[in-house]
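Novice: Residue-level listing of the chains:
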Amino acid sequence: EAQVTQNPRYLITVTGKKLTVTCSQNMNHEYMSWYRQDPGLGLRQIYYSMNVEVTDKGDVPEGYKVSRKEKRNFPLILESPSPNQTSLYFCASSPLTGTRTDTQYFGPGTRLTVL
Amino acid sequence: DQQVKQNSPSLSVQEGRISILNCDYTNSMFDYFLWYKKYPAEGPTFLISISSIKDKNEDGRFTVFLNKSAKHLSLHIVPSQPGDSAVYFCAASAPRQGAQKLVFGQGTRLTINP
Numbered sequence: 001e002a003q004v005t006q007n008p009r010y011l012i013t014v015t016g017k018k019l020t021v022t023c024s025q026n027m028n029h030e031y032m033s034w035y036r037q038d039p040g041l042g043l044r045q046i047y048y049s050m051n052v053e054v055t056d057k058g059d060v061p062e063g064y065k066v067s068r069k070e071k072r073n074f075p076l077i078l079e080s081p082s083p084n085q086t087s088l089y090f091c092a093s094s095p096l097t098g099t100r101t102d103t104q105y106f107g108p109g110t111r112l113t114v115l
Numbered sequence: 116d117q118q119v120k121q122n123s124p125s126l127s128v129q130e131g132r133i134s135i136l137n138c139d140y141t142n143s144m145f146d147y148f149l150w151y152k153k154y155p156a157e158g159p160t161f162l163i164s165i166s167s168i169k170d171k172n173e174d175g176r177f178t179v180f181l182n183k184s185a186k187h188l189s190l191h192i193v194p195s196q197p198g199d200s201a202v203y204f205c206a207a208s209a210p211r212q213g214a215q216k217l218v219f220g221q222g223t224r225l226t227i228n229p
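Chains A and D are the protein sequences, given in the same order. In terms of our numbering, the first sequence is residues 1 to 115. In terms of our numbering, the second sequence is residues 116 to 229.
Hints are computed from structural coordinates only; laboratory data are not their basis. Errors might be hidden in some of the hints.
What the hints assert, rightly or not - Straight-line C-alpha distance at most 30 Å; calculated DSSO-like pairs for lysine-lysine:
#1 A:Lys-18 - D:Lys-216
#2 D:Lys-216 - A:Lys-71
#3 D:Lys-183 - D:Lys-152
#4 D:Lys-186 - D:Lys-169
#5 D:Lys-169 - A:Lys-65
#6 A:Lys-65 - D:Lys-183
This one's a predicted model, so the numbers in the text were calculated from it and none came from an experiment.
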């Protein structure tokens, strides 16, 4: 089954304790991205990657890191989480065929609470 | 600065009637628009899209209308079914940024009442 998986699905942590949220896709997509969803703000892009070893900032990258060492994986790293990073996080992937119709496929989400 | 706005946080519609979800945008460079649907505890899934060269796109019960002069698009669902109850996100992209760079609205929670 074609899918994007994220782990963990739920996480409660404390300020300053480093954490990683994993994202994996089995569709051989070049493009991967991380979003956060907050009430009243919709989904905002954190980081994206066009291919292995190619990453770039989205609209709200502060406090986050990513890496793309393998095509299928795109982990999101919070080196020193703070309460304002409490949010619902989504990973997404998409092919890069060069057409405007490339659809993004989203993972199920990770609900993160930073105390 | 919210470039894509969905001003109705929620909408309640009776089963069988038409649901109309609205979306406004401010960036005139946007030329491709999408609607995503999200159920609780799941990620958003693509529903329907429209290019700025069109003013209407239809897929079964779902139709998206685009009014470029008003910078407004709407999603019509006819007839509405209980399974349509979800949060709907409008999204837009600009040509230079590619299809993958999406700017999302805040979402509208649609509830279909039996």
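Novice: Give a verdict on every hint.
Specialist: The hints, checked one at a time:
1. A threshold of 30 Å between alpha carbons decides the hint, and for Lys-18 (chain A) with Lys-216 (chain D) the separation of about 28 Å falls inside it, so the pair holds.
2. Taking the CA atoms of Lys-216 (chain D) and Lys-71 (chain A), the gap is about 19 Å. The hint holds against a cut of 30 Å.
3. For a cut-off of 30 Å, the pair hint linking Lys-183 (chain D) to Lys-152 (chain D) stands: about 23 Å separates their Cα positions.
4. In summary, the hint linking Lys-186 (chain D) to Lys-169 (chain D) is supported, as the alpha carbons are separated by about 13 Å, within the 30 Å threshold.
5. Only pairs whose Cα atoms come within 30 Å are accepted, and Lys-169 (chain D) paired with Lys-65 (chain A) is rejected, the gap being roughly 39 Å.
6. Distance hint between Lys-65 (chain A) and Lys-183 (chain D) is unfulfilled; the C-alpha atoms sit about 37 Å from each other, more than 30 Å.
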